[in-house]
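Undergrad: One line per chain: the protein sequences are A, B, C and D, in this order.
Here numbering that gives the first Met the number 0 is used: the first residue of the first sequence is 0, the next is one more, and so on.
Here numbering that gives the first Met the number 0 is used: the first residue of the second sequence is 0, the next is one more, and so on.
Here numbering that gives the first Met the number 0 is used: the first residue of the third sequence is 0, the next is one more, and so on.
Here numbering that gives the first Met the number 0 is used: the first residue of the fourth sequence is 0, the next is one more, and so on.
Honestly, the hints are just simulated from the structure, not real lab data.
You can trust all of the hints, since none of them are fake.
Keeping only pairs whose Cα atoms sit at most 20 angstroms apart, straight-line, the calculated SDA-like set for lysine to any residue is:
no.	chain 1	residue 1	chain 2	residue 2
1	C	LYS14	A	GLN148
2	C	LYS270	D	GLU271
3	A	LYS240	C	GLY68
4	C	LYS312	B	GLU343
5	A	LYS2	B	GLU216
6	C	LYS312	B	TYR347
7	A	LYS149	C	GLY43
8	C	LYS27	B	THR260
9	C	LYS277	D	PHE316
10	B	LYS265	C	ARG33
11	D	LYS312	A	LEU348
12	B	LYS6	A	SER198
13	B	LYS349	C	ALA293
14	D	LYS270	C	ALA278
15	C	LYS27	B	ASP263
16	A	LYS149	C	GLY44
17	C	LYS312	D	SER275
18	A	LYS6	B	SER198
So these bits of chain C aren't anywhere near chain D, every CB distance computed over 10 angstroms:
no.	residue
19	GLN10
20	GLU45
21	THR184
22	GLU195
The C-beta atom is built at its ideal place from N, Cα and C for all residues, glycine as well.
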Amino acid sequence: MRKTLGKFSVDYLQILDEHGVVTGVMPKITNERIREMYEQMVRARVFDETALKLQREGRIGTYASIRGQEASNIGTAFAMDKEDWLFPSFREDGTMIARGFPMSALLQYWGWDERGMAVPQDVNIFTIAVPVSTQIAHAVGYAWAMKLQKKKVASVVYFGDGATSKGDFHEGLNFAGTFALPVVFICQNNQWSISMPRSKQSASETLAQKAIAYGFEGIQVDGNDIFAVYTAVRDAVKKAKEGRGPTLIECFTYRMSDHTTSDDAKKYRDAAEVVEWEKKDPITRLRFYMKQKKMWTETYERELLERVRKEVDEAVRTYESTPPADIEDIFRYTYAEMPPALREQLEYLKRSVDETKNMGGTNG
Amino acid sequence: MRKTLGKFSVDYLQILDEHGVVTGVMPKITNERIREMYEQMVRARVFDETALKLQREGRIGTYASIRGQEASNIGTAFAMDKEDWLFPSFREDGTMIARGFPMSALLQYWGWDERGMAVPQDVNIFTIAVPVSTQIAHAVGYAWAMKLQKKKVASVVYFGDGATSKGDFHEGLNFAGTFALPVVFICQNNQWSISMPRSKQSASETLAQKAIAYGFEGIQVDGNDIFAVYTAVRDAVKKAKEGRGPTLIECFTYRMSDHTTSDDAKKYRDAAEVVEWEKKDPITRLRFYMKQKKMWTETYERELLERVRKEVDEAVRTYESTPPADIEDIFRYTYAEMPPALREQLEYLKRSVDETKNMGGTNG
Amino acid sequence: MVEALNIALKQEMAKDSSVIVLGEDVGKDGGVFRVTDGLWEKFGGERVIDTPLAESAIIGASIGLALGGMKPVCEAQFDGFSLPMLDQLISHASRIRWRSRGRFAAHLVLRFPYGGGIRALEHHSDSPEAYYAHTPGLKVVIPSSPYDAKGLLVSAIRDPDPVVFMEPKRVYRAIREDVPETEYTVPIGKANVVQEGSDITLVSWGAMVRECKEALALTPYSVELIDLRTISPMDTKTVIESVKKTGRAVVVQEAPRNCSVSAEVAATIQKEAFLSLKAPVKRVTGFDTVIPFARMEGFYIADEKRIAKEIEKVMKF
Amino acid sequence: MVEALNIALKQEMAKDSSVIVLGEDVGKDGGVFRVTDGLWEKFGGERVIDTPLAESAIIGASIGLALGGMKPVCEAQFDGFSLPMLDQLISHASRIRWRSRGRFAAHLVLRFPYGGGIRALEHHSDSPEAYYAHTPGLKVVIPSSPYDAKGLLVSAIRDPDPVVFMEPKRVYRAIREDVPETEYTVPIGKANVVQEGSDITLVSWGAMVRECKEALALTPYSVELIDLRTISPMDTKTVIESVKKTGRAVVVQEAPRNCSVSAEVAATIQKEAFLSLKAPVKRVTGFDTVIPFARMEGFYIADEKRIAKEIEKVMKF
Ligand SMILES: Cc1ncc(C[n+]2csc(CCOP(=O)(O)OP(=O)(O)O)c2C)c(N)n1
Ligand SMILES: Cc1ncc(C[n+]2csc(CCOP(=O)(O)OP(=O)(O)O)c2C)c(N)n1
Ligand SMILES: [Mg+2]
Ligand SMILES: [Mg+2]
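Generate coordinates for the entire structure from the input sequences, incorporating the hints supplied.
TA: In structure tokens:
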């Protein structure tokens, strides 16, 4: 006897196509809100361009550009409620900024200064996670805490296409499914994991279908369409808070830049591919839409750009005028209270800096 | 626009139902071969009963019983070719024995003596893996080596239902899918992971469907039906060797005993459940079938049991008459060649045993 | 010791509703060593949680749980199965306070049974404390007696830093002593002078403290026995002061030797008590091999005789 | 050093068709530091394999590949991302020979760039050698120069035991020296006396050897500088003999101090050269904190001045 035990499927959602034409059901949002979305996307782009420039000038360190992923970045930020928590990877500067993370602090973080990750108290964002996929379990645990405390709060966690190959992805999603936790898993499938194309990352046809392994829904959305991203995340956040468990959302998007400023994508990626994706730009697309709806004019754009550039410049100034940390800062947060052994090491270092000050060389 | 991107399904296979009635397509095997299967299942059961008895008598240590899982254990052994490699977890004593692993060595392994895991040269079995799921990557790597060397050899790797929750499962299956490796993944879903019922291990309706996440086929089989197990594994081994990639086979079976001899299942498991599964016993079932086909008589059974018991008793004698290892054995296999530091430690230990010999106490 | 730990968990859970227990088989089953026995019945499945079999997610989720205001006490079933947790422990639990400049913290406990001597299977007898002790930001605590186990576990649960709490399974049931019903704590970061002495300092922790105590009866010398209790950050002061007094030291551990805790103790002593030392600090340790199965294990783990003999050798140096 | 490593890989791959390279971005991209540059073009995608992003499977599969007769040289992209490999390394790679009584072995190399000093992101500047060195059955090799890098990597690839080969990324391109085109090996398990001296022994490895060399110019004393080259199993003989001659020792490392390699060196020296020691062995190490970002990193990693100063203090003890 051979019989079918179960049938599964995975869907795709697009609302705004690359020409700015509405192909699906628009979410219920005001024009005001759409303009805010547009503004945040533009802010993200300007921040990104500035960061790239600062990096080239040696004013910040290695930086991971979000260019091309603004819809996936910003759509989510708008779909979350104030009380929800964001667990970013390292390619969500846009989301973080839209959720209130200071741009100057982000620059500080990318600018070799850990004090940039001192997330402000009123900002519900966890520290950027550099080890791929490791943040997933944190989001799951946070959601679990909320569920145990009967608070209506969702965790939203970001990761890339490469991240889906790691054990942490699997264990985290399985926990979330098993305990029906209020988590939204957002995979920014930007088609590349450094030099690895999506097709070589996994033989699964979509990443969204990986949710089938955990008994909850997965969906692929046009990740360059902010309305699709917004709708899918909004639904998932709602579902999460209503106790109906987690969702995996694959945002099908594209990494327009190199992996980071340390990378050179020309080594492994066909330039033609980038040109193709350029046409699907998430900002251009929304602009098309807004133009049709008479929500966009050249003046609006100019004023917006001017305002945003000022803000970003201001953030750069704040970052660059931050006084250096003191030596104690290296030791201060290792434990809640500094243990004697560590205090001795601190004292030693202070002494050592002193003793060697006049010897010439690189330190101090 | 919302559209369906992909559709998936997962099948179930049964050939011999619990009453010994053929409900599906019998594999093409001779009666001779069926009798061998039966014999190996009986041998596995006798070995298991003996091991449990030895453990109770303090003659071996903690032991993981395979009772109830004989069809899953033995079906696979018959579906593999001589050149294929088995990567066991710790609940495949039956498979190992059927593939030529000496019973006395197995007893030695469970009997606190690592020399039992010195797999004989002509036996294609890797060491028992105690850390759950870790053997999966080894099987994947071995299959990969075979593929690179263009050898027609498959890896067959065993693990439990609990094992599917671990990151190693995910990473291993994803590698196998991505590189289309000749591996057969056998999940013995015996419904329990120590005290965790299958339903709490994952929200996925079946374990077989987890293969969808890796882009290859998963199938659930009646794990107490040796013909279903044999058929599925045979097909998968063939497919693997023909370069058509991996398969995940979920053997739906049951752990009739405690998790190990250190466990007491009464603490968490309903006795009624065990009684229900007793009716589905894999050996009884095959016996029903053979009786119908006039392949089984009481005399046959008696002679078989007698022969197998003798063999097992002989294995116990071999095990128990093995002379103890020497001290050097602790150090010998840490590196291919013993480094000076380790040699010093060995010399120290020898000296120390000598020096303390006459002090009374526990050692030496 | 199992009972003492069980009581500590019960008392802290009763007192603080944010304390939860999670791990494999910690619920109905009460843990494979019964340390969490009865908790599920008392506090229910929301606070005593059986998880899927995934150690990395257990610790990773515990980090998230801690962020969300819970105080997770999570369990690895055995020493060997704490290893899949290393990445989350090193990359995150230990660093989150540091990385977030104090904004976030991993207020959690990871507890697990460790060490040999119970005739166990492979990967069930390891002593991995050095991996944890080498990781800045973690606290590593190992009790040697039921009394300490209870008091230290309570301290660990209340400690705002991530604590790796390793339980010497060999003495889980072997050492019996009356433990006060009432609430008390044993402080983290303080070593315990088990017995004062003037000839030689004997430093150990965990199950080996028992062998050290037994060795005292086999040696004619006046031994000062120190139980570290907290492996990291270590109370070097107590150790150094003792060696300054005695001028001699032996460090005893079960773990392999290379880059181990005993190396840290010896390195610290020779540095800080150099002028007092009358003999080199001697380390009595496991060997740099896998710990063997039960039939040979007795050769691997130092017994009281080996310890007594080494004391004698150091005294006669 | 990048080039020297690249040549070593090329030569060994050309010589032995069972040698393969696998890891994240090691193929077309040539590795994020270009250590595997050109290999993919030369040996093809079957021998230079880009894997999915999964470190544990990279090492786990390498174990299987080794069983199947290949000699995998696998890469972790950075120090911090070698941590997900710890479980497979400790539980399996290091033990398979032992567990199978010599029947199976993990003939493989795990190489990765490690350490600070390149102004990198978080988790990209760690020095985790102690975790590996504490694990019996692993060999841990760290070159300090291009010449050594080539010769040691060749030895590592040929070594039948699992070798963790850590590459000090700070000197990947900073140290330039001519490396013979011809094939040669530098033996594993032997320390290198970089400079002979009579006043004091300076022990180090990896990138810190450069700082040690620079310190020589800042100190008036006759320093014997030893580069360990192999961290485990360690060549203690060379170190001990040196200290027996000089009577003084300083150990320099970048990693955090607690239970580190420098602890092992110090503990061994005080034990084996006790009567020769005129001063305690001094450890100059990273601190027991996370290594800070670039702006503060210079305080964390000892520079030549700090080393010279410590030499002076030990001399004046
Ligand atoms: C565990 C781990 N391994 C390796 C790396 C190095 N690394 C950084 S990003 C990256 C690729 C990530 O790809 P993906 O998940 O698709 O995210 P993307 O960078 O495309 O946003 C790699 C390999 C890392 N950060 N963490
Ligand atoms: C990594 C790891 N964690 C925990 C354990 C302890 N343990 C041994 S078997 C087991 C349950 C395994 O369940 P399953 O995979 O279903 O296999 P079964 O025992 O049912 O055959 C556990 C938790 C282990 N061996 N390895
Ligand atoms: Mg990507
Ligand atoms: Mg099971």
